[in-house]
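**Student:** In case you want the letters, here they are:
There are 2 protein chains.
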Amino acid sequence: MVAVAQEPLTERGRRSRERIIEAAAAAVAERGAGGCSLDQVLEAAGASKSQLYHYFADKDDLVRAVIARRVGETLDCQGPMLSELDSFADIRRWFDWLIAQNEKLGCPGCPLGTLANELADRDETARVDLAGGFDTWMSYVIEGLARMQARGELVEQADPQRLGHAVFASLQGGLLLSKTTKVPQYLRDALDASYAHLLSFAPPGPS
Amino acid sequence: MVAVAQEPLTERGRRSRERIIEAAAAAVAERGAGGCSLDQVLEAAGASKSQLYHYFADKDDLVRAVIARRVGETLDCQGPMLSELDSFADIRRWFDWLIAQNEKLGCPGCPLGTLANELADRDETARVDLAGGFDTWMSYVIEGLARMQARGELVEQADPQRLGHAVFASLQGGLLLSKTTKVPQYLRDALDASYAHLLSFAPPGPS
DNA sequence: GGACAAGTGGACTAGGTGGTCCACTCCTAG
DNA sequence: CTAGGAGTGGACCACCTAGTCCACTTGTCC
Chain V
1 MVAVAQEPLT
11 ERGRRSRERI
21 IEAAAAAVAE
31 RGAGGCSLDQ
41 VLEAAGASKS
51 QLYHYFADKD
61 DLVRAVIARR
71 VGETLDCQGP
81 MLSELDSFAD
91 IRRWFDWLIA
101 QNEKLGCPGC
111 PLGTLANELA
121 DRDETARVDL
131 AGGFDTWMSY
141 VIEGLARMQA
151 RGELVEQADP
161 QRLGHAVFAS
171 LQGGLLLSKT
181 TKVPQYLRDA
191 LDASYAHLLS
201 FAPPGPS
Chain H
1 MVAVAQEPLT
11 ERGRRSRERI
21 IEAAAAAVAE
31 RGAGGCSLDQ
41 VLEAAGASKS
51 QLYHYFADKD
61 DLVRAVIARR
71 VGETLDCQGP
81 MLSELDSFAD
91 IRRWFDWLIA
101 QNEKLGCPGC
111 PLGTLANELA
121 DRDETARVDL
131 AGGFDTWMSY
141 VIEGLARMQA
151 RGELVEQADP
161 QRLGHAVFAS
171 LQGGLLLSKT
181 TKVPQYLRDA
191 LDASYAHLLS
201 FAPPGPS
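Just so you know, the sequences run in chain order V and H.
With the working numbering, letter number 94 in the first sequence gets 94, and the count goes up by one each step, no holes.
With the working numbering, letter number 173 in the second sequence gets 173, and the count goes up by one each step, no holes.
Careful, some of the hints might be misleading.
Note that the list lumps identical chains together, so a pair holds whenever it fits in one copy or between two copies.
[To be verified] Distance condition first, Cα-Cα at most 16 Å in a straight line; then the derived EDC-like pairs of lysine to aspartate or glutamate:
1) LYS59 / GLU22
2) LYS59 / ASP192
3) LYS49 / ASP39
4) LYS104 / ASP76
5) LYS182 / ASP39
6) LYS182 / ASP121
7) LYS59 / ASP123
8) LYS104 / ASP61
9) LYS104 / ASP58
Keep in mind that the hints were calculated from the coordinates and are not lab data.
Go ahead and model the full structure; you've got the sequences and the hints to work with.
**Tutor:** Take a look at the structure:
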C-alpha cells in the first residue's frame, strides 16, 4: 500500500485543503508554478507544512490540483455562455465578452494557456490535464457550430471541428500577443478575423 | 560609475561569452528561464562562475541575452522567406513550412512565445524585448500584405496591419495548442483558416 | 471520560540557488 | 623581459527550497 495524498475526511480538513489550493492558485497565477514556493503559499493560506503534505503528495500534486481548479473555473464561467451557443450573434457576444474581460483585467493572458506553456514539456500529467481542459472548452464551441450547421446557419462544407480549433488558436494567440505587448487590440484583431472567417460559412442570404 | 556587464574585449573573451549564451539558450529552451540553474548552464558551457559574472550583470541579464539571440535566430531564419513575401503563394509556402517544421520537431511550440508567456509579467525588460521581436517579425508580414495590396492582389478594404496581427495570433495559438496536445493538426487548422481568411480579400477573379 | 483517528504546528534537514571573491593564467604592448 | 589588464578557476557564502518528523490538539463515538 503506497502512501498517497489523502482526501480530507472532515469538514474542517476539507476547508483547510481548499484554503491551500486557493492560495496556491493565486501564487501560481502571479509567479508561475515553478516560480512560487510552498512557504509563500502556506503563509498566504495560513497553513503549515504538515497540512500541505497531509493533503498533497508533493508540489506537483498541488499544482495539478490548481490546474483542475482553474479548468473548472474557466468552464464554470464560460460554460453557460457556450453550452447554449446557437447563432452568429451568440459567438459575437462571447468574443466581445472575451475582449472586454481581457482589457478590463489588463491583458493577463489565459490562465490555462499560461500554465500549458510552462508545464506542457515538464510535467506530463499536467500537460494531459490541460489538454483535456482545452478539449472540453473547445467541444462547447464545436458542438455549438454543429448545432448551427444542423439548423442551416452554416453551409454544409463547414467543418465545425476545424473551425473550432481555429477559433481557439486565434483566442489563445490573441491573448498571448496582448499579454506580451500589453496592447488589447491584438486580441480584438484576432477574434474579429476569426469571426469574419466563420461568417464566410453562413449560407447565401436572401438579401 | 556603476559596474555593468562588460563586453568582451578580446577574441577569446568573445568566444567564452558566446559559449555561455549558447548553453543558456539550450537550457532555457528545455527547462524555462526560471527552471534552469546557472550551475547547469556553466557546466554545459564548460565555463566558470567568474566568467559568467564577468560578462553578465546577473541571471536576468543572461536571460535577456538569450532572448536577443532567439529573436535574432527567428528573424534570420524566417526573414529571407518573409521579406520578399509578395503573393498568396508565398504566404501558403510560409504556412506550409511552419506546419512542417512544427511536426518535424515534435510540436515544441514557439521559442519566443514560450519565453513571452513565462516572462511577460515577471521581467519588464524581457517583455519589451519580446514584444519588439514579435513586432519586427509581424512587420515583415504586414509589409508583404501591403505590397500585395499595392499591386492589387488584395482589395482596398483589407487592413494589412489587422490581418497581420490575426495571422500571428493564429500562428502562436496554433503552436500552443499543438504543444499542449502534442497534436500537430491544431496548427494546420489554425493556419488553414487564417489563409482562407486572407484569400477572402483577394479581388474577384476573371474566372 | 477515555480511546483513537483526523488534523495541526513548526523545528529540522539535505541539497540547491544566485552571487561574491581572490588568487591565478594568458596575452599583448612597450 | 616585464608590467598590467583581460580572462579564468573554483572555493565559498547566505539564503531558500522541497520535503520529513514528531509531539500536540481537536473532535467524535462508545
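**Student:** Just pull the numbers of the violated hints for me, sorted ascending.
**Tutor:** Hints 2, 4, 5, 8, 9 not satisfied by this model.
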